[in-house]
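*Asks:* So you can see what is in the structure, the chains are spelled out below.
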Amino acid sequence: MNYLLLILGAAIFSFGVLGALTLRNAIRILMCIELMLNGANLTFIATASQLPDPGLAQSMVVFAIAIAASETIVGLGAIVAMYRAKGWVTLEQFSLLKW
Amino acid sequence: MEHTVASLAGSWTLTSILAVLTMAFPLLGFIIVGLCGKIAKEWGPKLATVTIFLSLITSIVVLGLVIANGPAPTVSFVWLQSGNLTLDFGFRVDQLCAMMLCVVTLVSFLVHLFSQDYMHGDPGIARFYAELQLFTTAMLGVVTASNLLQLFAFWELVGLCSYLLIGFWFHKRSAYQAAKKAFFVTKVGDMGLFTGIVMCFILSNPHTLSLEALPSALASLAPALLIIIPLLIFMGAMGKSAQFPLHVWLPNAMEGPTPVSALIHAATMVAAGIYLVARCMGLFTLDPSGTALKVVTYVGSFTAIFAATIATVQDDIKKVLAYSTISQLGYMVMALGFGKFGYTAALFHLMTHAMFKGLLFLGSGSVIHATHTQNMHEMGGLFKKMPITAWTFILGSLALAGLFPFAGFWSKDAILVGAEATHSTIPLILALITAFLTPYYMTRCVWLTFFGKPRKENHAHEASWRTTLPLIILAVLSVVIGFVGAPFFGELFQRFIFFHEFESEAVNWTLIFGSTGLVLAGIFLGLAIYAWGWFKKETLIRILKPLYLFFKNKWFVDEAWTFIAVKPLFYLSEFCHWFDRTVIDGAVNGVAWLSVILGNIVYWFDAGIVDGLVNLAGYLTVKVSELVKWFDENVIDGAVNGVAALTGFIGSKVRKVQTGYLPNYATIMFASIALVLILVAWFAVLN
Amino acid sequence: MNVTMSQALYMALAFPALVFAALTVTVKNIVHAAICLIGCLLSIAAIYVGLHADFIAAAQIAIYVGAIAILILFSIMFTHDVSGKQMSHLNRQAVLGVFVALALFGSISFFIMNTSESQFTTNFQGQMALPPKTSLMAVGDVLYSENASTPYMVPVEMASFLLLAAVVGGIEMAKKKEDEV
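Residue numbers (the working numbering), protein chains in the order written: chain A, 2 to 100; chain B, 1182 to 1868; chain C, 906 to 1086.
As a list, the in silico DSSO-like pairs of lysine-lysine whose alpha-carbon atoms are at most 27 Å apart:
(1) K1353/B <-> K1368/B
(2) K1362/B <-> K1735/B
(3) K1748/B <-> K1353/B
(4) K1837/B <-> K87/A
(5) K1735/B <-> K1475/B
(6) K1361/B <-> K1735/B
(7) K1748/B <-> K1361/B
(8) K87/A <-> K1081/C
(9) K1219/B <-> K1353/B
(10) K1082/C <-> K87/A
(11) K1735/B <-> K1368/B
(12) K87/A <-> K933/C
(13) K1717/B <-> K1735/B
(14) K1368/B <-> K1748/B
(15) K1080/C <-> K87/A
(16) K933/C <-> K1219/B
(17) K1475/B <-> K1521/B
(18) K1565/B <-> K1634/B
One-sided and incomplete, this derived list gives chain B residues near chain A with beta-carbon spacing under 10 Å:
(19) G1841
(20) L1843
(21) P1844
(22) A1847
(23) T1848
(24) F1851
Partner residues aside, some chain B positions facing chain C, computed with beta carbon under 10 Å:
(25) N1845
(26) I1849
(27) I1854
(28) L1856
(29) L1858
(30) V1861
(31) V1866
I should point out that these hints are in silico values taken from the structure, not numbers from a laboratory.
From the three backbone atoms N, C-alpha and C, an ideal C-beta is built for every residue, glycine too.
So that you can see chain A by itself, here it is in the shape it has in the complex:
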């Protein structure tokens, strides 16, 4: 029965992917990345609940949350810096990677 939750995790992850691919505001893309991380975390926990000792998987989630927090801080810092420099946060307008 646990695969219901696994499907849910996959769905949330895919919604995150959907948003990250289709939206233009950088903050919203960051939010979608949070969704993706949450989908993955949910899969971890759902699987762990089937194991006799869920500690290891849950510890991984602790790491994932810590890393998500760092990623958000840096990402938002970058977005705010971007806003200072350019006055907008629309990701697709950034074309510095272009040749």
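Add chains B and C to chain A, keeping to what the hints say.
*Replies:* Frame of chain A, contents of chains B and C only:
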């Protein structure tokens, strides 16, 4: 869980249900008006007034029921449970609570009505009413709370509403600074209160926070703890009820709209401290040596005289009333310190004070609304233009002054009797001096505002019935409410609210005549200086210059706070700044300086020796390369140019892949992942 | 397929999580999106509680909802586009994105459905009856135990260092430079 539900259902009485309803109406109003925001500008104030009116009716019914049937049994249910910590959420409706319910809802209702005109046209009027509703809910929560933590939660909510309403005009610098000051200063007291609550819980046996069970649960503690715990609780009361030295926020709080000053900073919220001490009186009396109560008395009596002296020299009509409030609160606190001899008197004074101080603030609001100034020296001659306001204001002042037979007389007299009964000589003397100063500064205030020649052009006139009706109601109450506690009318109030047991007091004629004499003397002095001009004001100021400056500067309490608390912090940060600049930057600069020296040495070595060798090698290289150049230009370039042209051609096609368009990269990344997954699925799983 | 009690509970919790996730991605207004994100994170925390991972649930609420989501809301307010010009919240290749996301979801679900349920449970059937340790103890045992088989002490310290570095870096990036005051 089952048994809590059962016990809850079993003990509900009509009284408790109505008390909860009294709280529910303004809460509902807060939710509706608060959520509707700007849409509610027109109907929000009316709705809020209606909800408060409903609460007023239910609270009067509650009072009637409690008078008829005695206190309702406390209803409570388990709020949260963790380990050996069980917290109840309950409603305790007894005489004290019923009285407070009526006072709060009555003043709140009249303020709601009054504000209809006063706040008319203000862009934030819906927010104003929503906050008033929340405040009323919270205040009713404080008075019905059955345990200390629940009381503390509502207590903080009351503080929050006070902060929001003082800073209602937050675009004014002075307003938001006053709001912050009020919040921080009361927080100092709240720290004490919270520590006291935690100590109560830890030390009580069995662990409890219930107001009813605490005194017996704490009774076996060491005497020192029995002094400390009440004093910590008293700290909270000192902050909320503006007792010296935590009174500094209340005068600044007058930056809020005047109806707010009337409701919160005169009639109800500041009385919450009195209510708290009264509720915890069982804890204060545990201490066999009576030290805690003595501290309470001395703080109160000092605050009373201290604030009264400051009130005599204020120019701002609201500041006079603010210091008078502090002084009257000091009176109540002093009375609480007399234990069972002053308990009833303090609450009696709380009730009468709520009436006449609410009246005075609303009256001053009416004056300010008409003249657009708060400085009394710019008013004058308003008696003809605003007769209703003037008459009600004068009645309120006489009640505050404590002239026979107005409300203030009876309650003040009760306090003085309490002081006499406990043989507290020094508080009694301070209280009598205050009883002389109060009529003096109120006479001054009334005369400067309403009589004499208009000192400034104004077109003051009486506002609509919504402004004057609350004034008239409160004026009538200020005159008659004292009779419920008058010894000649059966001491109804004393029979209703008492600590442990009711004791009839013998009428003390000496005190009655003495205090009446002092009141008359105070009024006489005020009239002599301001009305009849027997003494030149300037001459008096010159003669009493040191005293005048001392009072005018509010006993330098603000300066003392700056010196004790603010300055040291400031110096500490200055020192840290200096340390950073001098020591750390010095070290960094030293390292930089060393690097520069080292760099110079290396540079000399580089320029003198290494460069010589390099130049020699360079010369040789040039010669060789001249030979190579010929070969290169003629033979190799041909081949290279061909390859470059080819590469350039391919590159110009391939670089289109690098769009620099970020979503493209991401899409390709995820598409590749999906592709890999699909391939794995195809080859590894399906086959 | 019999719907058991706990399955019904999971569905009841999964539904808001799914709806909020969808709304986070689809609504136009960015503030609404942030609020939907908070709703989704809270629903997931509820699911964690249902899975006896109460420590993770608490961390989820404290860190994700309490810190990250609020940080996001602050950034939204800080970088709010005040020019007022209306433009689509979708980018130029939105349609392509929908297909990629669908393909990803389809392939992941394919693997999940093809992993037979028994593969999860049979291996540990005998041990499932063990009284579960509390989530906090389980995590603590793994992260801080002196047992050499789980050497996660150093990674924990590194995670904390990473957080510190991220905080310093975030401040450094976002703060006003002195020359552009």
